[in-house]
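*Asks:* With the hints as a guide, bring the two chains together.
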Amino acid sequence: MASNVLPRSVQRLIDEFARLPGIGPKSAARLTFYLLRAAGDQALDLSAALHDLKEKTTLCSNCFNITEQDPCAICLDDNRQRELLCVVEEPLDVVALERSRAYKGLYHVLHGAISPVEGIGPEDLKIEELMNRLQHGDFGEVIIATNATLEGDATTLYLQRRLAGIEGLRLTRLARGLSVGGDLEYTDDITLTRALEGRQSL
Amino acid sequence: MPRERTYRTEAIVLRRSDFGEADRLLTLFSREYGKVRAIAKGARKPQSRKTGHVELFMRTRFLVAEGRNLDIVTQAEMVEGYNRLRDDLVRTTYASYAVELLDRFTADEDRNPQLYDLLSDTLRSLANTDNMLLAARFYELHLLSLLGYRPQLFKCVSCGEGIEEQDQYYSAELGGLLCPNCRQADLKAHEISGAAVKVLRFLQTRQWQAAQNLRLRRELHTELEEVMYYYLTYILERNLKSADFLQRLRREARLFATEVARGPTTAIEDRPQPDSDQEIEYE
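Chains as they are written, first to last, in my numbering: chain S, 244 to 445; chain H, 92 to 374.
Check each hint, because a few of them may be wrong.
As the list claims (entries may be wrong) - Calculated pairs, DSS-like style, for lysine-lysine (alpha carbon to alpha carbon, straight line, at most 30 angstroms): (1) K332/H - K126/H; (2) K347/S - K132/H; (3) K132/H - K269/S; (4) K136/H - K269/S.
To be clear, the hints were calculated from the coordinates, so they are not data collected in a lab. Fair warning: this is a prediction, and the values are worked out from it, not measured in the lab.
Next up, chain H with everything else stripped away, as it sits in the complex (with noise of 0.2 angstroms):
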């Protein structure tokens, strides 16, 4: 799609870092042209129309005119702000870690919808989930999947044999399952349970809206975390410093929200293992 020299677009506010005297550097993902950069002046000062406006995680109506080097807003319009991100240091935290696996995961340019919309959704689900930690399971799921590192979840990445929902192991890098025969094919492959595999065949191909109530033990809750971050760690070849945060903020119970809901339990409707589908409480 061949640009103008100004353009409208519609993004999300990744990251900004503050530039020159009173400006900011905004890193967008944009719906049309995916992930740009511009520079937003004058957005610290408190007077300037765009303040309010270009704030992190927002999702944003944007004017942008093309420079020499970096493009600049000229007008930014908030749609949607996300506020309850901003009320919970918990879920600034969740918000953080999605959209900092989106920037890791993409490079400039890179036109992507759906991933957009996945994005956005996310950031409205975590803004009011009762439980965090489900949300962000089912992102990664899909963002992998939108990526092209959709985890192997039905038959082993080894052998091609269909996989029971027992416990197995999860290969990095051949990017899914391993039947118990073909272990020795990645000899630092993960653990995981049966009940893991069905949660995350579930999240892989439900949507949100079908996804959402079910309720999980806390360590299997731990599990699919452990098993994700393995993942994502090994594609990307770094830590993610938004995880690393949440697990310092763990540490001080005292600060710890529930990332879960205490809810009535669901189960999940392809039945679950008998004591996979308890709820699960953090502190």
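Looking at chain S on its own, in the form it has when it is part of the complex (with noise of 0.2 angstroms):
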């Protein structure tokens, strides 16, 4: 190998990016030595950014959402329906669920799904802090948002088991239908069912 023809400190830095998932070696030392060359702050940039990641963040208490500030800005805001819960697997769904800015309520982030296969189980997620969230919150409805995947359904399915003995609680799923831009004619049999169950009036 001519590992040893490079100075430790970049062949370092190669290692370090091809532990990342999807970049191999080559272009780990690409990333490398674009840093090495690039113009001005830009590798301190990235390696502050890197530092700000670790150091900067946690979860909050509350929603276990990645945040600066304990509780973070959404379960702080008084604008927003504090009698709406709505449950998803990740942190990135929340962003996503943001985006439609069809949605005003809290959220509660599980940090992953159920999975039987992986041996994921119920005491792997954050779903001892929902229950105890929803012992002592005063909400109205829980809206089980994850992933139209098995793991999802079994998330819900579980989490129905969990919650529906708390009086009271509305407890709601998203719809599963056509998506938008999608032909009737690739739907899978098992989105047109549920899309035909839960069709609307005009």
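*Replies:* As structure tokens, this is what we get:
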């Protein structure tokens, strides 16, 4: 290997990049040399961003979204509908829902989904924290917005059983149907069945 | 069978993991080619034509193009979705168990059409049966037979004498029953009751059609599950994640859906022990 030709500091960055998902040794070397030659503070900015990523972020003790202040901005926002709670798998799902601008309630991030195949159970997720929150909070409706995958459905089924006993709580899940710009012809049977079940009168 | 640049096959999705930006890496069990891996490009996007056709446990017709490293799914059309597996957490777990067992027991590109049919039949029965415990035991026994690990239930694996349907020992190391006289041949052998021997023999030699109406006591189901798990984990030299998961679900009693029917009692053909033909119930 030619690895000993490179200075150790360069090789170290290549190795670190190569550990990232989707980046092989060639891409890692390319990125490293780009940064080495890059103008001004680009490399130092990146280093500062990486540092802040770990140092400044934490999980909101309320909703478990990623935040720099605890409680997070959404949890503190008085303009949001505080009786509405949306349960999602990942922080990126919060981003997606916020992008839609159709939801004005609060969130709860589970940090994963139940998966019998991978051995991920309810106790590996923020489910007890959710129960806690529902028992102490004053929520009128919980919207379960897990992914439309087997794991997402498994999580929904589990939450359905757990939350069924809470009085005065409306439990809903996101509708399943045709995606915008999608052809009926290529839609799978399960989606079509659900779309038919959830049809709306005009 | 030589493969062409693109090939058509029917397969069941055993595993899938996220790959790249919006792709999924699928582990398929194909009827024609055995276990293969293929990338389904864009399968995480709702707009993709493949999305609803490549979910776990689905039986799908695939058109796959051979790539340099990984094969690429060019078309996918679901044939059977076993929908009820998705509507119940216990069913989902049993289906995961069926798929995990097959994944652990098979090597890549090892063709086995009979095993394929067994898996698709099992997913169908797990989706429909009221007796998931029995369906799981039936599947285990037939899977072992197809893979060359068929438990010897009729002759002692040490002395070769015929075995009576009485209490004896099951040896994972020797792959079958030990008569009481040969118990010292494997000191780690598990005790097994005469009733359990009878049920295992029955399941091993019947088709699901004939076996599905068997109703057993809860204790007998527990014993059968333990013996089979002991044998399976001995061969695999590891625990199975979905089996552990099932145990966790059971501990949460409220969530423990019926794995076994509360139906009318049906006796098996060769009379079982007087107390073993009662129906069993959990919770």
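*Asks:* Verify the proposed pairing of K136/H with K269/S, using a straight-line Cα cut of 30 angstroms.
*Replies:* holds, 28 angstroms
*Asks:* Take a quick look at whether K347/S and K132/H sit within 30 angstroms of each other, Cα to Cα.
*Replies:* Status violated; Cα separation ~34 angstroms.
*Asks:* Just to be careful, I want the Cα atoms of K332/H and K126/H compared with a cutoff of 30 angstroms; is the pair within it?
*Replies:* holds, 20 angstroms
*Asks:* With the threshold set at 30 angstroms, check whether the alpha-carbon distance from K132/H to K269/S stays at or below it.
*Replies:* holds, 23 angstroms
Hint violations for this structure: number 2 only, all remaining hints satisfied.
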